[in-house]
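Please model the entire structure based on the sequences and the hints provided.
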Amino acid sequence: MPSNTSIIYLKHPTEFPVVGEHMGVQTNKDFNPVLKDGEVLTRNLVISLDPYMRGKMRDVGKQSYSAAFEIGKPMDARGVAEVVESKNDKYPVGSVIHAFVGWEKYTVLSDLPTTRIIPDARESKLPLSSYVGVLGMPGLTAYAALKDIGKPKVGETIFISAASGAVGQLAGQLAKAWGLNVIGSAGSDEKVEYLIKEVGFDKAFNYKKRTARDALKEFAPNGIDIDFENVGGETLEAVIDHMNTHGRIIACGMISQYNTAHPYGIKNLMSVVSKRLSMRGFIVADFYEQYFDDFFRDVKKLLLENKIVYRVDEAVGIEAAPEAFTGLLQGKNFGKQVVKIADF
Numbered sequence: 024m025p026s027n028t029s030i031i032y033l034k035h036p037t038e039f040p041v042v043g044e045h046m047g048v049q050t051n052k053d054f055n056p057v058l059k060d061g062e063v064l065t066r067n068l069v070i071s072l073d074p075y076m077r078g079k080m081r082d083v084g085k086q087s088y089s090a091a092f093e094i095g096k097p098m099d100a101r102g103v104a105e106v107v108e109s110k111n112d113k114y115p116v117g118s119v120i121h122a123f124v125g126w127e128k129y130t131v132l133s134d135l136p137t138t139r140i141i142p143d144a145r146e147s148k149l150p151l152s153s154y155v156g157v158l159g160m161p162g163l164t165a166y167a168a169l170k171d172i173g174k175p176k177v178g179e180t181i182f183i184s185a186a187s188g189a190v191g192q193l194a195g196q197l198a199k200a201w202g203l204n205v206i207g208s209a210g211s212d213e214k215v216e217y218l219i220k221e222v223g224f225d226k227a228f229n230y231k232k233r234t235a236r237d238a239l240k241e242f243a244p245n246g247i248d249i250d251f252e253n254v255g256g257e258t259l260e261a262v263i264d265h266m267n268t269h270g271r272i273i274a275c276g277m278i279s280q281y282n283t284a285h286p287y288g289i290k291n292l293m294s295v296v297s298k299r300l301s302m303r304g305f306i307v308a309d310f311y312e313q314y315f316d317d318f319f320r321d322v323k324k325l326l327l328e329n330k331i332v333y334r335v336d337e338a339v340g341i342e343a344a345p346e347a348f349t350g351l352l353q354g355k356n357f358g359k360q361v362v363k364i365a366d367f
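Going by my numbering, the first residue of the sequence shown is number 24, and it counts up by one from there.
Straight-line distance between alpha carbons at most 20 Å, and here's what the computed EDC-like set of lysine to aspartate or glutamate pairs gives: (1) LYS79 <-> GLU38; (2) LYS113 <-> GLU62; (3) LYS96 <-> ASP53.
I should point out that these hints are in silico values taken from the structure, not numbers from a laboratory.
So this is what it looks like as structure tokens:
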């Protein structure tokens with residue numbers, strides 16, 4: 024059996040995690056697992072890195088919707104993997120599966136409800152990264168949250184923060200397809216150009232050069248009906264001031280607040296009352312049973328027909344995962360951040 028290289032969780036950060044202090048590379052040259060009944064050994068091909076993982080960097084005693092990383096153990100992620108050894112009839116050797124795997128080359132997995140075989144992965148024209156991006160958790164997040172919480176109506180205006188990221192770029196394209204006027208923010212001129220020229224946003228701005236408050240006065244003179252919120256902080260505060268009566272705020276994420284010991288206090292929450300706004304948080308698992316089949320069918324069809332563009336930022340090699348993750352938290356990625364570990 025070849026050696027196994029893993030990214031190990033080392034210490035809880037209070038602000039931005041630091042490579043080598045909070046997570047590090049470890050190689051096990053004596054990796055020779057003995058499987059129990061029901062387990063499989065996977066060779067991991069690609070893993071997804073996502074902002075929610077910052078919330079997993081906490082003490083295991085602090086409860087949340089996603090289990091904490093455990094100090095001294097490999098970090099985990101949604102990934103695409105090949106089954107190379109199996110003691111589970113559901114996943115024979117050679118199966119390509121979507122599952123929670125380690126940030127590592129090989130993982131021993133028990134059967135989990137979220138594990139599924141990708142039947143056409145070897146023959147598909149789509150890259151494997153699609154199954155952890157546009158056809159995975161971020162894609163379902165965009166599709167289901169927009170439908171269920173946003174309740175879009177033709178002619179309305181939507182604002183999407185972090186719009187060139189894993190969720191935002193698909194949310195914007197779905198919103199356009201469903202008849203909305205789409206405005207987005209991103210962290211560089213290159214990303215803004217991508218949103219307008221390739222993704223099809225009506226308007227977009229670089230929040231590092233222009234405040235959301237200023238941009239929305241120009242781009243949304245008649246107000247915002249739907250906010251797909253990924254940033255929080257001062258951006259959310261500005262958006263609330265621009266929301267129309269009975270507007271809907273999709274509280275997807277608050278990445279500006281993940282790495283600070285002093286979160287920004289929103290000062291205009293009374294407007295939620297006076298404007299009769301709906302603001303709802305969610306976890307993507309809330310939507311799986313109701314929306315996944317329709318989402319996967321609809322978005323896969325659009326992808327194969329080249330009616331959706333979806334940019335991926337691919338780091339290569341498991342050793343690159345820590346730097347890619349810290350870069351993601353700092354907005355250095357351009358598109359959905361993944362780590363390619365191996366080919367078929």
